[in-house]
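Chemist: Throw the hints in and build the complete structure from the sequences for me.
In our numbering, the protein residues as written are 1 to 156.
Hint data in this document are derived by calculation from the structure and do not stem from the laboratory.
The beta carbon of each residue, even a glycine, is placed where N, CA and C say it ideally should be.
The reader is advised that the hints may include incorrect statements.
Stated by the list, open to error - Per label pair, the in silico range of CB-to-CB distance:
no. : residue 1 : residue 2 : range
1   : His-58    : Ala-34    : 15 to 25 Å
2   : Phe-115   : Glu-57    : 18 to 28 Å
3   : Pro-92    : Lys-155   : 31 to 41 Å
4   : Val-31    : Pro-92    : 32 to 42 Å
5   : Gln-147   : Phe-78    : 27 to 37 Å
6   : Phe-64    : Val-31    : 17 to 27 Å
7   : Pro-123   : Pro-33    : 15 to 25 Å
8   : Lys-139   : Ser-80    : 28 to 38 Å
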Amino acid sequence: MRNCVVAAFAVLIIPFLAVAAWAQQPMLLPVHPAPLVIETKAGDRQIFIEVATKPDEHARGLMFRTEMPDNRGMLFVFPSTGLRSFWMKNTPMPLDLLFIGEDGKVRSIQPGEPFSEAPIGPPVNSLFVLELKAGTSEKLGIEEGNQLRHPLIPKQ
Numbered sequence: 001m002r003n004c005v006v007a008a009f010a011v012l013i014i015p016f017l018a019v020a021a022w023a024q025q026p027m028l029l030p031v032h033p034a035p036l037v038i039e040t041k042a043g044d045r046q047i048f049i050e051v052a053t054k055p056d057e058h059a060r061g062l063m064f065r066t067e068m069p070d071n072r073g074m075l076f077v078f079p080s081t082g083l084r085s086f087w088m089k090n091t092p093m094p095l096d097l098l099f100i101g102e103d104g105k106v107r108s109i110q111p112g113e114p115f116s117e118a119p120i121g122p123p124v125n126s127l128f129v130l131e132l133k134a135g136t137s138e139k140l141g142i143e144e145g146n147q148l149r150h151p152l153i154p155k156q
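Modeler: Here's what the structure looks like:
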């Protein structure tokens with residue numbers, strides 16, 4: 001009888017543990033074929049992006065990522081313009097978060113601290129948020145007001 005109880009428990013708990021382990025794996029979205037172009041004072045800069053469009057993709061973002069190429073980012077595309085708030089829980093990489101308006105212009109650049117649960121939400125409306133490795137904005141000369149170009153961003 002005891003063996004049956006142990007076996008039944010194992011049958012119930014093993015799938016739960018497998019799902020819990022999967023949930024802590026990084027989400028890897030395909031890289032969009034068109035690079036994101038950022039117009040800076042020093043010239044155009046290209047970033048290759050993964051695109052998060054669904055609510056579950058928005059929720060996971062770059063969680064559990066420990067590395068990412070310097071020329072890579074994740075573009076969050078929302079269905080409508082509004083105030084956005086992010087946090088860095090379960091995100092071990094420090095990030096730059098760029099809040100971008102529906103016109104494709106950078107409205108705010110905020111730092112993201114690893115594993116922080118503090119909200120990152122500037123008082124600007126945005127339709128897109130771009131997450132980059134920390135320091136990338138400064139290294140590439142990206143500033144508030146810069147224009148972004150990509151097929152997913154409407155032309156103004």
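Chemist: Now, for every hint given, state plainly whether the structure supports it.
Modeler: Status of each hint after checking the structure:
1. His-58 <-> Ala-34: 15 to 25 Å: holds (21 Å)
2. Phe-115 <-> Glu-57: 18 to 28 Å: holds (20 Å)
3. Pro-92 <-> Lys-155: 31 to 41 Å: Once the Cβ atoms are compared, 36 Å apart, the range 31 to 41 Å for Lys-155 and Pro-92 holds.
4. Val-31 <-> Pro-92: 32 to 42 Å: violated (21 Å)
5. Gln-147 <-> Phe-78: 27 to 37 Å: For Phe-78 against Gln-147, whose Cβ atoms are near 19 Å apart, the range 27 to 37 Å is violated.
6. Phe-64 <-> Val-31: 17 to 27 Å: holds (18 Å)
7. Pro-123 <-> Pro-33: 15 to 25 Å: Violated - the Cβ-Cβ distance for Pro-123 and Pro-33, about 34 Å, lies outside 15 to 25 Å.
8. Lys-139 <-> Ser-80: 28 to 38 Å: The hint (28 to 38 Å, Cβ to Cβ) holds, given that Lys-139 and Ser-80 are roughly 32 Å apart.
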